[in-house]
Structures are given as structure tokens and as C-alpha cells.
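Got two chains here, each in a separate frame; can you build the complex from them with the hints?
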Amino acid sequence: MSVLSVRDLTVTYHTQAGPVPAVRGVDLHVEKGEVLGLAGESGCGKSTIVNGVLRLVPPKTKVTGTVELNGEDVMAMKPGRLRAVRWSGMSVVFQGAMHALNPVQRIGDQIAEAVVIHGEADEKGATVRAGALLEQVGLPPRRLRDYPHELSGGQKQRVMIAMALACQPDLVIADEPTTALDVMVQAQVLQLLKELQRELGLAMLFITHDLSVLVEVCDRLAIMYAGKIVEEGPSVPVFRDPKHPYTRALSGAFPQIGDRRFRMAPSGLPGDPPFPGNVPTGCSFHPRCPLAFDECPTIDPDLYDAGPGRTAACLLVPRGERVPVAP
Amino acid sequence: MPTVSPSRPDVPEPVLAVRDLHVRFAGRVGLWQGLRGVKAPDARAVDGVNLELYPGEVLALAGESGCGKTTLARTIMGLERPRSGDISFEGKPLGRSTRVLREYRRRVQMVFQDPTAALNPRQTIYESIAEGLRVHGITRSSAGESEEQLVARALSRAGMRPPERFFLNYPHELSGGQRQRVVIAGALVLDPEIIVADEPVSSLDASVRGEILKLLLGLRNDLNIAMLVVTHDLGLAWTIADRVAVMYLGRIVEIGPAESVLTNPIHPYTKALLEVVPEAGGIDRPFLAGEPPDPTSIPPGCRFNPRCPAVASGAAAGAGVLAACQEQDLGLQELRPDHFAACHLMSHEAGFASAPPPPPAKA
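Sequence lines, in order, name chains S and C.
With our numbering applied, the first sequence corresponds to residues 1 to 327, in that order.
With our numbering applied, the second sequence corresponds to residues 1001 to 1363, in that order.
Excised from the complex, chain C in its bound form (with noise of 0.2 Å):
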């Protein structure tokens, strides 16, 4: 099985791990179909991840819509079901432990991309904050610090000062930022050891943006909170993430060091992910044809082979790798230090004799 992790063996243990994780959706056919009992296959959203975070660092997970990115925060934050593989926190599998999932649950805080929906509009901003606390039986932190006291300081490290001016005012009466901020303090209240952000600025003005990330990172700063952020925006991830996976169709196909991915990518889908960021001076220049793919067809052998421009050019076929290409399945190999990547020609070049097999898939 290949490892994600980082071969230095200075790299403290990670605070969270995923192994072979698969998540399915049901496939969804027409009433007339469904009559005549045809199924239609299920969509493999999560399929077949594998991922490591550590203490204090910032992992940006990035893809186009619908390549499974926030089925797979989801799944990490216990919202969805995962058809097999595991997630362990701090070393242990989680498993089915009530008790155990109920500690997860309050160390592992999620940001939403929509602060105005994550926040209910009839609850103060107090209440909203404070629910957290209640639902974990929270009534004081061990230091002896009131309900009141965790709120007031969870608003205040989320830039919410001075925070009692806050505690009676409702969401509609703040503006966006400050929204977020509020869904912010709620995750910070629980004294999480990860956050994991779907999206937390997408829905923000250009202008509040910055601030926003920069909260964010100074989490990280001081309070070495580890943090999973789902974006579609390879320049957020150049500005705040340590390491960047991207992933397509269900799997990660590259992660490494943001550095190395985001300015020397190793897979032909990183690049077309970085080609389609806007540019100063001009739009003329070839794009990756196509609409996001279907996870309920995920083409045999290497799934981007389809899109995949190395193939389309011929510089699969002139490597010798292209039948590989489009029958062989395969995984992550380490192409350069700490830098993963899924793809034949890359391995090929690389001088490896083939890419390692695909994580396993259990029924």
C-alpha cells in the first residue's frame, strides 16, 4: 500500500489520518425506470483516500465541483457514512464508540461556506455560540472560566471586540465578515484540535476576504490548530496552506508541499487546474475541454486519462506508458521529496518501473 506520510522521521505523528476511504451515493434513475427495475450505478464520490494531517498545519484541498472535495470533509467530520475504510484521530480508530465519537465531535470543528445559513437567524449571537458548549455538557473549562467567559473569549480570538457588544445583537445585524467570524467562534469555543473549512471565504467580498484568512491562519499560529480547507481557489491555497492535495474524481492525484505543487506540478490535472486561474493579459491560451466528470462512470485505468492532455498529444503513447494509461489503475508514488502524484507518464519519466496499485476498494 503506499504511504502518504513523509519519510523525515522528525515529522511528529498525525493528528489525523484517513485510510482507503470510500463514499457512495445511491445512483438515482427516472420513475419510469425505476418501474421497470433498472439501477443505476452508484456515484463514487469518495473513492478510495488516503490522507494525513498534522498538528498546526494547513492542508488545502482543491478540485473542480463534484470531484468529491467536500463529500470528503464531510465524511471526515462524521456527516456522511463511509462505505469502508478508516479515520483515526490522534492514532486511534474511531469505530462506532458513542463515547469516543462524542470527543471527536467537539475536537473537530467545521467552518461552512455560508455563514448566514450555518447561523440561525432567530438565535442570538450569544445563544448561537453557547449552543456548543451545551450540547457537550460544557457548563466551565477546566481553568474554571463561566460559559459566559469561554463565549466572551471565543468571540474575541475570532476579532469579535469588545465581544459583549456582540452577545445580544442577531445575525442579520452583522455584515458577512462578521457573520463569519461568529461561525468561527463557534468552532473555537470547543477548543478544537482541527478545523476543517469548506469553502470559508467563497461566499465573502473580495475586500473581507484577507482578513478572513488571515484569522484563519493566526488560529494556526497560535493556537497550532491543524486545518483541512476545501477550496476551489489554487490562489487561497498559495496564500494560507502548507501542503495542497488535489483530487479528482474521488481520489487525491498529487499532494505535497504547496511550493512545489502549486509552481512545479507533477500530474497533467494540477497543471490544467492552474492554467484556468485567471491571468493579467489575456485569455489565449488552451484550456481543458469538458464539463466536470460523472462519479457514477469513472473511466478504467487512470480516471483523467480521458481529459488528460499527455495522452491527447501523444506523449503517453511516445513513453510507452499509454496502454497503461487507459487500463491500469494506480495510486500515489513519492516522484519528488514529501511530493506525491498519480500518474504513469510522471513515474515513467521518473525512472520508477510502473506506478504503485490503487488503494483497496472492500465491498
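Just chain S, with the same shape it has in the complex (with noise of 0.2 Å):
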């Protein structure tokens, strides 16, 4: 059984302008010990699909399919429940470590705070619990007493995985956890949260837009474009043989150094990614798509089957054309 297991999901937003199709139709599925990697641009729905999961969507959104956690439907959980399950069965690693922290509290209290309220611990237990987590994250436990403006961004973020793994959630979803950190600190952050994983056994939906990132600590890709997932499968197969032109941009825009096919050949795509509220018909990437041909702007590819564990949704793909990989 899938640790986290999403079918048909579809969030609609509710603006002044009309309802906004932020994901529509996503299928996701997360084992334990797993990491899965949700790679996509801005607007594709990728933080949209999180705040689906985590029931955090504003009043008046339409959210229909189905989201399991072990086996338990998210959907139709009471508040009580839903609050329980929140941190302990999931818990989120969210972007900007320096706005998520209350900066008028100690860290120590803030971490052992989800202890508490959990009921794991009383408060003496909850602190003592919050010094090993401070531990595990590579911070030493006398940083308990700091406030977050003592602390570097880096050491911040390491504050917010400690706080994720509070609960012992089974669930961790890391939402662009290293985007606002230096090359350095993000290597390094990178590395503890995959070391945290695999120690622990936990399963992973981790989300960014720098797919070398995601290549780097995940065991399987999930390409997001207008909402839809257009391709998954292992990370590197995806990442080095795309199935989808648009992995295929993507992965180009990430050169590898000393590839010589990257050396004064920056490869982009013409255009820009859609609006939600205002997707192209047919495939929704015909209009940026080198590839295209007469039938993408009518139909809607499905994800075929490309290869051992893998889905593109591409009308090439089930003809047996090999998208062409060099750029």
C-alpha cells in the first residue's frame, strides 16, 4: 500500500475572473522509503497539488478525486482528524525558512510545540525530544535557546526539518526547500534531507522547479506542465533519455558542464507557460512544442506506456518516435 496515494485530482480556484483549473487530473503515488520528485515551472500546480493534499486550499475551491493516506481518505476526514493527521502523518517542509519561523520565539519552543500539541510529550519530553531533533539535523542541542534571527538561512531550513520530523510523520513533503539558499548551504541541506530519509524510511514528495536538484535525491520524476503530469518514471532515465519534449527543454536547461552538446548552445523554449485560467486546447504544450504536428491542438495525449515504469503523455510517443534527445 502507497504511503500517499493521489487519483484524479482536480483543484479548481474560484476568482473574480471565473473558475481558475489549477490541477486537473493528477494521479501520484508515493511508497514508503520512497523519494518523488514533482518538477515543474511557475502556475503549473505543483504547490496547488500540496496545498490538495494537506486539505489547505481557500474556501470556495473545488477539489474533486481522491487523496490516501495509508489508506485512509484524506478528503472525508473530520476537522479533529484532520488536524491529528497533519504533522504526525504528514508534515511539510516549506520554502523560505526565514518567513516560516516565528521570530519572537525560541526554536526550541517552536519545535517541541508540535510535540506537545501532538500529545507525544509533555513539555520537559517535549524539549529533550526538540534537542535530539536539533541534534539529528547537524545543529547542537544549546541552539534551543536561540531566536531564528541568530541563525544563518541554512541553519534555519535545518530548523524547519527538525520540525517537520517532529511528529514522526510518515509523509514528507518538501515544497522548494533549498530555493532560497546559496549553491553551497542548498548542497548541504540537500544531503541531510536524503540521509534523513533513507535513515528514517520515510516517504518523500519532494517539489521544485531545478530538475538537477530533483535528479540528484529522488528515485522517481513526475514532469508537471499546465496542471497535468506529462511524464514520470526513474529520475536519471527521465532526466537523460526525455520521453516528453517539454522533460526534453527542461532537462536542457540544466547543462551538464563539460557536455560539449551545452558549450555556447543555450536551448530554450519560444513562449511562455500558460495561465491556468486560459490552457490551450489539445495537448496544453502545442503551442511552445518544436515537435508539434497537425492532430496536438485537438488532442489531449493520455500518459502512454514509454518504456520500463515510465509515462509520457506525448501523441509520439504510443507512434513509436523517439523524441530526439540532443538539443
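Everything labelled a hint here was simulated from the structure, so no lab data went into it.
Quantities reported herein were computed from a predicted structural model and do not represent experimental measurements.
Heads up, some of the hints might be wrong.
What the hints assert, rightly or not - Computed footprint of chain C on chain S; a stretch qualifies when at least three of its residues, placed anywhere within it, have a C-beta under 8 Å from a C-beta of chain C:
#: 1; stretch: 185 to 196
#: 2; stretch: 208 to 221
#: 3; stretch: 234 to 240
#: 4; stretch: 244 to 256
#: 5; stretch: 263 to 275
Stated by the list, open to error - Label pairs and their in silico Cβ distance ranges:
#: 6; chain 1: S; residue 1: Lys124; chain 2: C; residue 2: Pro1357; range: 57 to 63 Å
#: 7; chain 1: S; residue 1: Leu56; chain 2: C; residue 2: Glu1173; range: 29 to 35 Å
#: 8; chain 1: S; residue 1: Val104; chain 2: C; residue 2: Gln1149; range: 54 to 60 Å
#: 9; chain 1: C; residue 1: Ser1175; chain 2: S; residue 2: Gly18; range: 17 to 23 Å
#: 10; chain 1: S; residue 1: Ser42; chain 2: C; residue 2: Arg1028; range: 33 to 39 Å
Stated by the list, open to error - Not everything, but these chain S residues come out facing chain C in the computed CB check (under 8 Å):
#: 11; residue: Glu41
#: 12; residue: Ser42
#: 13; residue: Ser152
#: 14; residue: Asp182
Ideal Cβ positions, reconstructed from N, Cα and C, are used throughout, including at glycine.
Shown next, in the form of C-alpha cells:
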């Protein structure tokens, strides 16, 4: 049984300009001990999926489909059960640790708060646990008494990770956890996340626009475009040998140093990602696709079988045509 | 004084040369300490930089946040005042003459990281681009083109075609990529020799980045504009740069042809920076520990020695240069053709008696 199982999820925001379908039918499964990477550009709906899964969407938003955590239907949970599941069943490492921490509370108290609220320990026990958690994320326990402003960006992100692990969740969702960090610190934080995930056997959903980061830490990748998943499969093959033209363009945006094909040859796509309220007909990628042909504007492709453990939503895939790999 | 210029005679004069540049920011202390008269040390953001930019070349300036790369770019633009050192443009020092500076500010243009912040939200695209012309009192080009023609040509060169369609748009009506094109058009309209671009694509979506980089590379190829591109992304440097300079704590520690620096780095810091570039297939490799260093307390000796893997592993001690690493500040040395690095160990291994002295700091 998957730790997280999302089937045919749609999330439609209610706005003054009319309904905006941000997520348009997404299936995701994360197994125990597995890291699934979700990649896509701004506005593709990747953060909306997180909000949909955690039921954190604004009122009047229409959510359909099923979300199951360890087989339990999240959509049907009563508020009390939902509150219990959030953080102890699934927790989130948010982007921008600098804004997610309370500036006027010591970090030890912030970590302990979740432990106490979920009834896992009394205040004293929670402080001990907070110290142990800090050590686990590579900070000395004496930093418990620090305020957030006394920590660097990387250290704050480590505190966020400690908080996410406080109630021993089965699933950790990491939403752009390293975007605001410097390159060197980013590598350290990624390494820490990966080590903890392995050590604790966590299921993890890792979300970022940076495909190169995902390839490094994830077992499987799902690529999103305009509210849908367009390609899914084991991470290295998806990155190295993409089946969908969009994945190919995205992986071309993260050149391998030393690879002659990228030298003095930046590659990108014409145009811009579509606005969620105004998605093109047929395959939503066709206006930007270098390989589009006459059927693309009318047929919205399903995810077709594209090799062992892989799927891709491109009409070229069932025709057996290979997407050229070179940028 | 070590020279950073290539030794080949066929190389043209640099269009821009920076000599022994030092930029400091006043240190800050808390209220209590301030009242007690405690003085904080200055942040030595740029601490002795020599740099040359040749006509039509793309030079990438890389390093961690806080290494001084943005301060260096801003100082070159005249947005920060250097403590000491010279900047010369086309062989002539800039000095303080208003007329010279005015001309310089027309011919050296900057492209900022975030186009949304760089454009005035209440100005139309036409106004945003024409503003540069008006500031410099240009009503017609030397070829007799009107302001409107100049704006149209700049927009179309930046890939906004047909340009007239965008004249009356406001920034919020454009996508991120289009906004960055408008910012680039604003630089192009003044017909610059140099563009200084500070992280020109890091705020853009991945699929849009390539097109903007293509545009910048095209400007270099078609108009022979020299570019200084500040970036933390070495993959980007690999895609567009002719030369790469790596900065650490206010100083350039390695500079050379992009292929040589990126595929065969000399300095241990450059090696560490390349180590953190994400790789397909796992993250289990050693990274440099610790936080970005503090420019208010630059360590004595080689400024990288407290974090240097060659010092930690004993390689420096084994070669007998450990004392130099810890006590002797140093400058760049040409260890391969056109490829310079500031490292006691690597100078020693290349057969030099010692590394050269650092660039002089004037009070």
C-alpha cells in the first residue's frame, strides 16, 4: 500500500475572473522509503497539489478526486482527525525558512510546540526531543535557546526540517526547500534531507522547479505542465532520455558542465508557460512544442506507456517515435 | 604586481580594466555597543580585485553569496564608491570628471536580476526604454533615427517583435521573460559597449532562461558587446561564457578560459564549487562544510585556508606550504596559459618558488 496515493485530483480555484483549474487530473503514488520528485515551472500547479493534499486550499475552491494517506481517505476526514494527521501523518518543509519561523519565539519552543500539541510528550519531554531533533539535523542542542535571527539561512532550514520530523510522520512534503539558499548550503541541506529520508525510511514528495536537484535526490520524477503530469518514471532515465518534448526542454535548461552539446548553445522554449485559467486546447504544450504536428491542437494525450516504469503524455510516444535527445 | 592580462600579443586592448579595487562597507554594531563606543570592523566586500574585460567577450563572475561579486559589478557601474583602486574604460581612467562619467554610464549598461523590480509599473514599455535616451539627452541617433525608431529597434533586437505592439503595454501585462527582454532593450537603446548582467536569468522560469541566454549571446555575436555576467550557476557559465572568474571573500581566486576553469579547475575552492553542482545519480559525495564566510573578518594567510580541503587533508602540510597557507596572503599566478589561480599549493606543484604577493591595499 502506498503511503500517499492521489487519484484524479483536480483543484479549481474560484476567482472573480471565473474558475481557474490549477490542477487538472493528477495521479501520484509515493511508496514507503521512496522519494518522488515533482518538477514544473511557476503556475504549473505543483504547489496547489500540496495544498490540495493537505486540504489547505482557500474556501470555495473545488477539489475532486481522492487523496489517501496510508489508505485513509484524507478528503473524508473530520476536522479533528485532519488536525491529528497533519504533522504526525504528513508534514511539510516549506520554502523560505526565514518567513516560516516565528521571530519572537525560541526555536526550541517552536519545535516542542508540535510535539506537545500532538500529545507525544509533556513540555519537558518535548524539549528533550527538540534537542535530539536538532542534533539529528546537525545543529548543537544549545541552539534550542536561539531566536531565528541568530541563525543563518541554512541553519533555519535545518530547524524547519527538525520541525517536520518532530512527530515522526510517514510522509514529508518538501516544497522548494532549498530555493532561497546559497549553492553551497543548498547542497548541504539536500544531503541532510536525503540522509534522514534513508535513515528513517520516510516517504517523501519533493517539489521544485530545479530539475537538476530532483535528479540528485529522487527515485522517481513526475514532470508537470499546465496542471497535468506529462511524464513520469525513474529519475535518471527521465532526465537523461526524456520522452516528452517538454521534459527534454526542461532538462536542457540544466546543462551538464563538460558536455560539449551545451557549450555556447543555450537552449530554451519559445513563449511562456500558460496561465492556468487559459490553457491551450488539445495538448496544452503544443504552442511551444518544437515537434507539434496537425493532431496536437485537438487531441489531449493520455499518459502512454513509454518504457519500463515510464509514462509520457505525448502523441509521438504511442507512434513509437523517439524524441530526439540532443538539444 | 601580478598581471591578469593574457600574455599573447594578438589580444586587443581591454575595453574595461579594474586595478586593485577595494570596496568597504561600514560595520554595524548593536545599540548598546554603539553607545559604549564599540566600533565594528568594516566589511571588505571587494578586497583587491584586478580584472580585464575584452571587447566582445563574455566573462562570468561566479562565487557564493556574500563573496562580493554583486558589489564588484555595482562598483564597476558606479553604483558603489570604491575605497581605493582604479577603473579604466578604453584605456582611460574614469576619474571624477562628470562629463567622462556621463559618457561612461551611457556606454556601460546594467541588466538586473529581477525585471519586475527593475521596471516602473506605472510606465509604459515605450516610456521605460525612451527614458534612458532622454536622460542622456539623445533625441536623434547619429544616423538620424528618431526616438521612436531607436526604441523600436532596441525592442526588436531584444526579440520583442513587432515592437510597436508593445509600446503601450505596462510591465504587468507581460510575462517574466518578456519583461527581462524589455530591460535588455532599455540597455541596448543606448548602444553600449559593455553590458553588466547580475544574475540575468535566475528569477525566470527554467524553460524561458535558454531564450534569454540565447539573446545575450546573440548580442555579443552581432554587436560585439562585451558582457560581465554575475552568476552563482556554473552551468550557465558553461553555456555562455568565454572566460570564468571565481570570487571568494572579495578576491578573484581563479580566472581563465571557461573550458579550462570548469573542466580542469586549479583552485580548491573552484573544485568545491563544481562539486555542489547537482549531478544525476546521487548526492553521496563530500561537500565543503560551513556557511558562506564573513567579509568583516577575513582570515590571515590565504583567505580560503580555514575551509580548504587541501589544508584539512594534510596535502598542504605534506608539500611544505602549510605555513604559507596560514600566514601569507597571495595574488594570482599564471599556472596554465591564460589560466590564473591564487593557491600556494598549486603554485608549489607547478614549480614556482612562491606565490606572488596580493594586490596592494591603499589606506
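Which hints from the list above does the structure break, by number from lowest to highest?
-> Failing hints: none at all.
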